[in-house]
Amino acid sequence: MGLNKKVLQEIQSRIESDFSCIISSVQYVKTGGFKHVYKAEVNGKIEALKIFEIPDLSQHPDSEEVRKEIVGRALREINILNDCSSPEIVKLGSITTTDYEIGANRYIVYSEEFLEGKDLDNIIKEENITPGEDELKILFLSLVKAIQEIWNLKQWVHRDIKPANVMKTKDTKRPFVLLDLGIAYSARGTRLTFNPLNRMPIGTHRYMAPERLIPSQMHNIDYRSDFYSAAVSVFMYASGKHPLRIGIKEQYEHTFYKTLNELPTPLKDLRTDLSDDFCELVDNMMNKRPALRLSNFSLIINRLEL
Amino acid sequence: MRLFAQNGFQEGKKIENGIEKKVIDGIIYSPRDVTYTKLVERLKELKKRFNYIEALFDPQFYGCFFAGAEDAKLGNLLSDYDGYFQPRRRNALEREKQVEEDLYATMKFQKSLPELSAVIAPNIYIPRTLNSIEAVIAKNFIRLARGVYSKLKDKRPLYVTLALSREALMNSEELLEFLNEITLIDEPPDGFYLLIGARSTSYRTDIYNADVIAGWLLLNYSLSINGYKVINGFSDIVTPFLGASGAYAGCTGWWSNLRTFSLERFQYRPSGGRRPVQRYLSTKLLNRITFSELNQINSIGIDVLNGLSSDAYYLKTDDLDEDKIPESNQEIEQSWEALKELNNSLFNMKSKVPEKLKSCLLALDSADDLYQKIPLQLDPKSNSEHIEPLQEGIRAFARLAGINIPKD
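As they're listed, the protein sequences go chains A and B. When we follow the working numbering, the leftmost residue of the first sequence carries the number 1, and every step to the right adds one. When we follow the working numbering, the leftmost residue of the second sequence carries the number 1001, and every step to the right adds one.
Hints are supplied without guarantee of correctness; some may be wrong.
[Unchecked claim] Pairs of lysine to aspartate or glutamate, DMTMM-like flavour, derived with a Cα cap of 25 Å:
#1 K1352/B / D273/A
#2 K145/A / D1190/B
#3 K288/A / D1211/B
#4 K268/A / E133/A
#5 K288/A / D1186/B
#6 K1022/B / E1041/B
[As the list claims (entries may be wrong)] Every beta carbon over 12 Å from chain A, so not counted as near; a handful from chain B, in silico:
#7 Y1036
#8 A1072
#9 K1073
#10 E1100
#11 A1105
#12 S1112
#13 R1146
#14 E1181
#15 T1183
#16 S1200
#17 S1222
#18 L1223
#19 E1264
#20 K1352
#21 L1361
[Unchecked claim] With the C-beta cut set under 8 Å, the calculated list includes, among others, these residues of chain B facing chain A:
#22 N1180
#23 L1184
#24 I1185
#25 Y1221
#26 S1224
#27 I1225
#28 N1226
#29 G1227
#30 G1402
#31 I1405
#32 P1406
To be clear, the hints were calculated from the coordinates, so they are not data collected in a lab. Ideal placement from N, C-alpha and C gives every residue a C-beta, glycine not left out.
With the hints as extra help, turn the sequences into a complete structure.
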């Protein structure tokens, strides 16, 4: 996976020319949502090179709309990161936004700091660990603070909080960092984004709050949707299981049904060693109704601080 | 959970008595029923004698739409409280500026009463549905209250009135949508003074309706988990159940119109009618029965007594005694004492909401069993018709809130 080798080399040489820098040791990391991620040294410093690939859409019936959607994602992520100062959110790197036409495709390129560590999704899948309550509280607290930061900026909602977008780092000052704000949404007026290929609600469905799946409500979401996704992520990190028992390959219909109708497994059922207070907080944040989730940042932070 | 006296006409020494007997924790004054001079005097007296009580003032701004009607029953509101209480039409309150002015005037009035423990911001009444112009106006009062209050530089806690009809409460989807908005305001108050309106204080089933109970519990739950203190006006016997869902306080008074909230009290009604029959609030039946019913039930050996000191006002000392008719101040003391007992004993305050709800359901089952044993035709207000709506209401609330009530 990743970009065609020639395209990557072309992008690399254009960046070196435009930014008067030397890029070396380029290694592919992952691809997702039109975005390719590489680890690279920029003037000797390791950064995460992010390349949005906007394919040739001339044959697509809504080509202009789809193109705008993808470009919008890239620019939105960069703009938000540029405004953020919270240690719980990934920071921009030395390559600021740049835009290249190569062949029929367009590429938007920028860099972020490279975080040494592993994302929670990989940890859950690969490591048989049982994190203690202190670590879980630090994780939840980091996510709540990140959600608070982006909400306070311009009422942004991340919309894609999930274990794969949370990095567990080796830095004790910022042990968990939230990544990937590409599909963030502002309650102050961003057009509601969509999956440009199938028009389904955008994001990873099994982490989505119920209100994001209901057409009459999805236009009025707020940070409490992120709380839901954060709580599901914490639940999974704590127990290794999805609270609604939704598998990775579950059909959309089943995922939607379970999200809208089934009660989550109480965390205490799977982790009897954790305190009632912590389990209740996680369970509460997974309430189907945003008005019934705790929403006061100070109250939540007070409950999570060690 | 706290219990406040809902003040009304003919206060007498009821409040002092209730505080001295430790059956109430505070009082909410209503300007309709007390002159300004008397209010100031009473607040000073009470705070001097009982500094620890909470004293609040319900501005009753929700009566403002009646103020233009010649036959409206507004008591002292227009004469003594015209500094903030003025006739208003709905379209005037659609302008934010008018809302801000009314908020300012009402809270400024309360600033002049330093004996009050907190300030209650005014609001209008939402009569039919939460999807209405009145609901938008009510949300504006809630949204703007803190900002206006900060101009007064008053450090006391701020509550905002939220007054809505039982009809508005019955649509759970609209209620949740409404809650979505009011739990996410930028400058929140410290709490809410919540009023649920019946069409009439004599319609028992207006409040004892499963959807109404579920909605009322839901409001308390949603607001309390978000850190708001919720004081439920006119909550009477529903008070301890609201406590199970997170309420901070409930209120009740000595007349039927102080036990159920209804705008009916601001409207003209032909005067007259009989004095109400004195009643006994049984913690075991979770309802009031008449004093004569109490004596009849006692005489056949069924125990519905609370075992509290105020029982003495109702009990015959020997078989030759006539039925004892308690005085009005004794009746309200008995009600407060019984409610205080229920607030303290219906569930363990330290337990979690699901366990509290379970305890409420067990108490209702037990009340139902006790009713089955009573071989008498009880007065319509004394019978067991409240039990099923409370049970169903609690279960419906649990379903809406995603709460699992433990089975055993």
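Here is what the structure says about each hint:
no., hint, result
1, K1352/B / D273/A, "holds, 18 Å"
2, K145/A / D1190/B, "holds, 23 Å"
3, K288/A / D1211/B, "holds, 19 Å"
4, K268/A / E133/A, "holds, 12 Å"
5, K288/A / D1186/B, "holds, 23 Å"
6, K1022/B / E1041/B, "holds, 22 Å"
7, Y1036, "holds, 37 Å"
8, A1072, "holds, 35 Å"
9, K1073, "holds, 36 Å"
10, E1100, "holds, 23 Å"
11, A1105, "holds, 30 Å"
12, S1112, "holds, 31 Å"
13, R1146, "holds, 14 Å"
14, E1181, "violated, 8 Å"
15, T1183, "violated, 5 Å"
16, S1200, "holds, 30 Å"
17, S1222, "violated, 5 Å"
18, L1223, "violated, 9 Å"
19, E1264, "holds, 30 Å"
20, K1352, "violated, 7 Å"
21, L1361, "holds, 19 Å"
22, N1180, "holds, 5 Å"
23, L1184, "holds, 6 Å"
24, I1185, "violated, 10 Å"
25, Y1221, "holds, 7 Å"
26, S1224, "violated, 10 Å"
27, I1225, "holds, 5 Å"
28, N1226, "holds, 5 Å"
29, G1227, "holds, 5 Å"
30, G1402, "holds, 5 Å"
31, I1405, "violated, 12 Å"
32, P1406, "violated, 11 Å"
Taken one by one, the earlier hints fail for this structure at numbers 14, 15, 17, 18, 20, 24, 26, 31 and 32, listed in ascending order.
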